[in-house]
Amino acid sequence: MLEYAGGLINLLSSGAVTTIQIFFLTLIFSLPLGMVIAFGRMSKKKWVREIFKLYILIMRGTPLLLQLMFVYFAPYYWIGLNWDRFIAAIVAFSLNYAAYFAEIYRGGIESIPQGQYEAAQVLGFTKTQTFVRIILPQVIKRVLPPISNEVITLVKDTALVQTLGVSELFRVAKNESSRIFSTSPLAVAGIYYLVMNWLVTKALHAMEKRLSYYK
Amino acid sequence: MLKAQNLVKKFNDNEVLSGISFEIIKGQVLAVIGPSGSGKSTMLRCLNLLERLDGGCVEVEGEVMVRTDDNGNVIYAPEADLRRIRLRFGLVFQNFNLFPHLSVMQNITEAPIRVAGLKPEEAKELALGLLEKMGLSDKAEAYPYQLSGGQSQRVAIARALAMKPDILFFDEPTSALDPELTGEVLKVIRMLAQEHMTMVVVTHEMAFAKEVADRVIFMDKGLIVEEGSPEEIFNNPNNERTKAFLNVLKSY
Ligand SMILES: Nc1ncnc2c1ncn2[C@@H]1O[C@H](COP(=O)(O)OP(=O)(O)O)[C@@H](O)[C@H]1O
Ligand SMILES: [Mg+2]
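As you go down the protein sequences, you meet chains B and V in turn. Take the first sequence: its letters are residues 1 to 215, numbered as in the working numbering. Take the second sequence: its letters are residues 1 to 252, numbered as in the working numbering.
Heads up, some of the hints might be wrong.
When the alpha-carbon atoms are kept at most 27 Å apart in a straight line, the in silico DSSO-like pairs for lysine-lysine are as follows [to be verified]: (1) B:Lys44 <-> V:Lys133; (2) V:Lys187 <-> V:Lys221; (3) V:Lys124 <-> B:Lys127; (4) B:Lys127 <-> V:Lys10; (5) V:Lys133 <-> V:Lys164; (6) V:Lys164 <-> B:Lys127; (7) V:Lys10 <-> B:Lys46; (8) V:Lys187 <-> V:Lys164; (9) B:Lys127 <-> B:Lys45.
Keep in mind the hints are simulated off the structure, nothing from the lab.
Working from the sequences, and respecting the hints, build out all of it.
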């Protein structure tokens, strides 16, 4: 029994590694991409704004599961391209999460009073300096709580990737569960997810705390 | 020092400045008074390039910042020149607009370091000197949320002074303050006046305007209705609207 528990933990840990990879890679790509989309969404040119609005509408208005399958299968049906499932998953997740982050960034940027831009402008800061040194630090503080919510959701959403046949935590647990005819692998996988989210929450709280030196 | 001619500014169809002309003389304090909505803030914002004019001409020590040609086209100097001209001006806002994520010290040193290219130690020394002058030596490491309104405004003044402007503009610097805190800010402006800092002060503090101003402009509905020495404006106003405005204030 104990021997089996050890084997199960090893098995699930290998799945968890894939899950963690999906999690971090998605964040690495979607957090900056979201900023680009936020700028597109706030562009002075109406047609640019409309394009990004449509993008955000599609990404937030259709199931992530559907997007995941679309991104993986569409190149195959269109041009016969058979690409890597894992990469397809990262692409789909990044595109989707970037849309959510973009709206959060936009809310944050728009909540900074106009007076901050004006004070910076009068002092002679360039537009880039104003954004990087004056606006962005304040935006980060304001968006951290809503970003945290999304990040916690992302930990759980990684389970969707199993539909593409990627052996991440959930798929490994599910297969093992049917093989040994027991729900215990699923329960253990649940604990893995909980621990991951506990760590993520702790890290995000630490960041919020670091930014709490001002109001 | 600065010559403004026939400034016109419209927001859509609403003409807020209807052709105002005035001069800012080196070493003098120009007070701008007038009812709210008369275009005082808009005038300051146009001079500081926060708004673009729809007509008129502004010259700063002979250099053209903006002019209007015979066909009514408003032509601004190239962006690089505007950046340089802008650095000759400082603006103190009604509600301070301090940067909340930066300490008092950083609020003051950020522009001298990033824009004027001072070394951090030089900027810090400059800031300490200014803070001492403002009576805020003990607040260098504080953050804006820890300051009273009067302290915040004095930091904002120090921040503007750190860029060594030729002209310092104030837009109702005491209007957002509790009455008991206006004194400490007015004291600082008075001190700057004694040092012959060139200043333009939009204010509702008539006694203060009368005391520190070398000249006073009374604005109403986008026009300069009357201009003169403080004695002329406050003791012997010629214009009916000036009289009415001053009477309303007295009745408070
Ligand atoms: N950004 C703006 N858009 C539209 N109207 C404005 C704007 N700024 C000021 N105004 C209008 O211009 C007029 C003059 O405003 P302002 O210059 O603030 O007056 P004052 O500072 O003398 O009280 C007001 O009627 C105001 O509503
Ligand atoms: Mg005003």
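Hint by hint, here is what the structure shows:
{"no.": "1", "hint": "B:Lys44 <-> V:Lys133", "verdict": "violated, 43 Å"}
{"no.": "2", "hint": "V:Lys187 <-> V:Lys221", "verdict": "violated, 30 Å"}
{"no.": "3", "hint": "V:Lys124 <-> B:Lys127", "verdict": "holds, 24 Å"}
{"no.": "4", "hint": "B:Lys127 <-> V:Lys10", "verdict": "holds, 25 Å"}
{"no.": "5", "hint": "V:Lys133 <-> V:Lys164", "verdict": "holds, 14 Å"}
{"no.": "6", "hint": "V:Lys164 <-> B:Lys127", "verdict": "holds, 21 Å"}
{"no.": "7", "hint": "V:Lys10 <-> B:Lys46", "verdict": "holds, 24 Å"}
{"no.": "8", "hint": "V:Lys187 <-> V:Lys164", "verdict": "holds, 20 Å"}
{"no.": "9", "hint": "B:Lys127 <-> B:Lys45", "verdict": "holds, 18 Å"}
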